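Engineer: Sequence:
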Amino acid sequence: MARAQRLASRFETLSVGAAKLRQNLTIAFYRAPFGRSLWRGANEPTLFDYPNALRPGHALRGESWLAGDYSLPGGVARDATKSAFEITPPSPQWRDSLHSFDWLPDLLAIANGGGHQAVRAAILHWARAPYIHHRASMRPALVGRRLMRWAQALSAVKSGFDGQAIAAIHTSFSAQTRWLEKLAAQCEDGIDRLHAALGLTLAACALPQQGQMLRHGMDLLSREIRRQILPDGGHASRNPALLANLLADLMALEAVLKARQVELPSAIATARMRMQKLLAMLRHKDGHLGVFQGGLESHIGNLDAVLHQGKTKPGKPISFAQKSGYQRLEAGDSCVLIDVGDPPRGAHSVAAHAAPLAFEMSHGGDRLIVNCGPNLVHGADWQLAARGLAAHSTLAFDSDVADPFLRTGIGARRLGPRVKGDDWHITNRRVEDKSGIWLEASHAIFLETHGVRHNRRFFIDAAGEDIRGEDLLLADMNHTAREGAAFHLRFHLHPKVKASLQSGGDAILLLTPAGHGWQFRLASEATGDLRIEDSVYMGHSGVPQRCQQITVQGRLVHGDTLMRWALRYAGRQATRRARR
Numbered sequence: 096m097a098r099a100q101r102l103a104s105r106f107e108t109l110s111v112g113a114a115k116l117r118q119n120l121t122i123a124f125y126r127a128p129f130g131r132s133l134w135r136g137a138n139e140p141t142l143f144d145y146p147n148a149l150r151p152g153h154a155l156r157g158e159s160w161l162a163g164d165y166s167l168p169g170g171v172a173r174d175a176t177k178s179a180f181e182i183t184p185p186s187p188q189w190r191d192s193l194h195s196f197d198w199l200p201d202l203l204a205i206a207n208g209g210g211h212q213a214v215r216a217a218i219l220h221w222a223r224a225p226y227i228h229h230r231a232s233m234r235p236a237l238v239g240r241r242l243m244r245w246a247q248a249l250s251a252v253k254s255g256f257d258g259q260a261i262a263a264i265h266t267s268f269s270a271q272t273r274w275l276e277k278l279a280a281q282c283e284d285g286i287d288r289l290h291a292a293l294g295l296t297l298a299a300c301a302l303p304q305q306g307q308m309l310r311h312g313m314d315l316l317s318r319e320i321r322r323q324i325l326p327d328g329g330h331a332s333r334n335p336a337l338l339a340n341l342l343a344d345l346m347a348l349e350a351v352l353k354a355r356q357v358e359l360p361s362a363i364a365t366a367r368m369r370m371q372k373l374l375a376m377l378r379h380k381d382g383h384l385g386v387f388q389g390g391l392e393s394h395i396g397n398l399d400a401v402l403h404q405g406k407t408k409p410g411k412p413i414s415f416a417q418k419s420g421y422q423r424l425e426a427g428d429s430c431v432l433i434d435v436g437d438p439p440r441g442a443h444s445v446a447a448h449a450a451p452l453a454f455e456m457s458h459g460g461d462r463l464i465v466n467c468g469p470n471l472v473h474g475a476d477w478q479l480a481a482r483g484l485a486a487h488s489t490l491a492f493d494s495d496v497a498d499p500f501l502r503t504g505i506g507a508r509r510l511g512p513r514v515k516g517d518d519w520h521i522t523n524r525r526v527e528d529k530s531g532i533w534l535e536a537s538h539a540i541f542l543e544t545h546g547v548r549h550n551r552r553f554f555i556d557a558a559g560e561d562i563r564g565e566d567l568l569l570a571d572m573n574h575t576a577r578e579g580a581a582f583h584l585r586f587h588l589h590p591k592v593k594a595s596l597q598s599g600g601d602a603i604l605l606l607t608p609a610g611h612g613w614q615f616r617l618a619s620e621a622t623g624d625l626r627i628e629d630s631v632y633m634g635h636s637g638v639p640q641r642c643q644q645i646t647v648q649g650r651l652v653h654g655d656t657l658m659r660w661a662l663r664y665a666g667r668q669a670t671r672r673a674r675r
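For the sequence shown, the working numbering begins at 96 and goes up steadily by one.
Just so you know, these hints were derived from the structure itself, not from any lab.
All values reported here derive from a predicted model rather than from experimental measurement.
Here a beta-carbon is modelled for each residue, glycine too, at the ideal position from N, C-alpha and C.
Errors might be hidden in some of the hints.
[Unchecked claim] FRET-style restraints, in silico, Cβ to Cβ:
| # | residue 1 | residue 2 | range |
| --- | --- | --- | --- |
| 1 | G459 | G130 | 55 to 63 angstroms |
| 2 | H403 | Q356 | 34 to 42 angstroms |
| 3 | R440 | G504 | 16 to 24 angstroms |
| 4 | D528 | A621 | 29 to 37 angstroms |
| 5 | P608 | R117 | 21 to 29 angstroms |
Throw the hints in and build the complete structure from the sequences for me.
Structural biologist: Okay, structure coming up:
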């Protein structure tokens, strides 16, 4: 099996290298004088009508941008004396984030005219600067993202430009669109290819006389939707936030096509409806998304825009997404989301997390148990640590666990830090009755290194006020268990939740911002005392925030190692009300 995996990895490395070579040759041709003449030219009449309501943005982030905080995926950058394009990029990822213009909706969300003025200045600066000749800023996926954000912004701010400015913008927009038409099919596999196809199709809609280009974009988009959107509506990366962003652009395309009396292909329309259902399933009671597989919690306004669209509140979400690998246990005001999926495959795993059976829990408007989320602003070591078991609410051995990431060698350089994950063997079974919902799941990540499977059981009662769990390290008869091996069971807490020890350390009281209390208890002969330790939460923006975590350390015993824990609602707390 290991030999077959190595051969498959080598074959994929060669395939990716060959594809990269083809892309480089194609780019070199279209950057040469003759090739450049095929996509550069005079501006074309453009029509921008991207529905801004689908991406309302975040005004507070927009205000921070105007104040000189240019923090983006890839790094923290602050300088109130310069524009974002004048400072030295802290990393290539930050540079790409800047040139994608994904930050424009936050500026558009600012109520006064300062945001719109900044949007106009940024777009005009890019259109007049020589960025179109820079290879880094003209990668196909980056061009696709930029064209979508420009189309959205220009729908709102186009009237504020003079004749010369709008001509320069039209020229740049048209040239970028024609460039993307030449390169979109050569884009790297994965989400980048879908971004390129979406960007080409939406940009072609803005050029009314480019029907052939629109058909080309639609063909590429249809193919990538079939390849990347799973039958239950999830994306192949299993990233909830990425799904929300794709859905917003797909719904914008549908609205733009409808305005031109062009019907969205039925396969894409069906995929869009499934995406909405899956996204609703992965939404917590507080309105945010579960922080799984590299995704952020996302802004509530953005999620409302793609799920509600001004309609009545949707019905109860689905409870199980088999292909996407998520379970939802919902009762009363409580919701538990559990990752029960296999790792994403291929290019879709380059930012995926290796944390099967990790879970999150919310109650009403409060998030209690969380995963740490992705680190988007620090280096590779930080980012890989945030993708591992210890950064999630689950169990992890302290040492000697097989590295789940591709870190070294030519494969890592060509393919990136993908998740290997060929030996997880995840199973799950769900039972519902009048008393509540039971879920039993297991994985085999520790089987080869420690000789045990990790079995996890969840129960939530019908009122949603009694949540119980069991973590069982089950010895396997075909493997030798490493008795005495140390492990930690972790429950990361949302930054707004405060934890305190009770009953001489036998219990922990969790207090939410709304004044609700939850009592946590754990029973096991294999573990030490409950502890409250520091942790970090990055699910809001990818930037670390201080928070707490409940931890308990244990050691593998002879036979099976069992831990039982419970999280019970304790009502509103008088001490919390007194503080208010």
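Engineer: Each hint should be assessed against the structure and marked as holding or not.
Structural biologist: Here is how each hint holds up against the structure:
Look at G459 against G130: about 58 angstroms separates their beta carbons, and that is inside 55 to 63 angstroms. H403 and Q356 have their C-beta atoms about 26 angstroms apart, which leaves the hinted 34 to 42 angstroms range violated. Judged by the Cβ atoms, the range 16 to 24 angstroms given for R440 and G504 holds: they are separated by roughly 19 angstroms. Taken as a hint, the range 29 to 37 angstroms holds for the pair D528 and A621, whose Cβ atoms sit roughly 30 angstroms apart.
Here the CB-CB span from P608 to R117 is close to 53 angstroms, at odds with the stated 21 to 29 angstroms.
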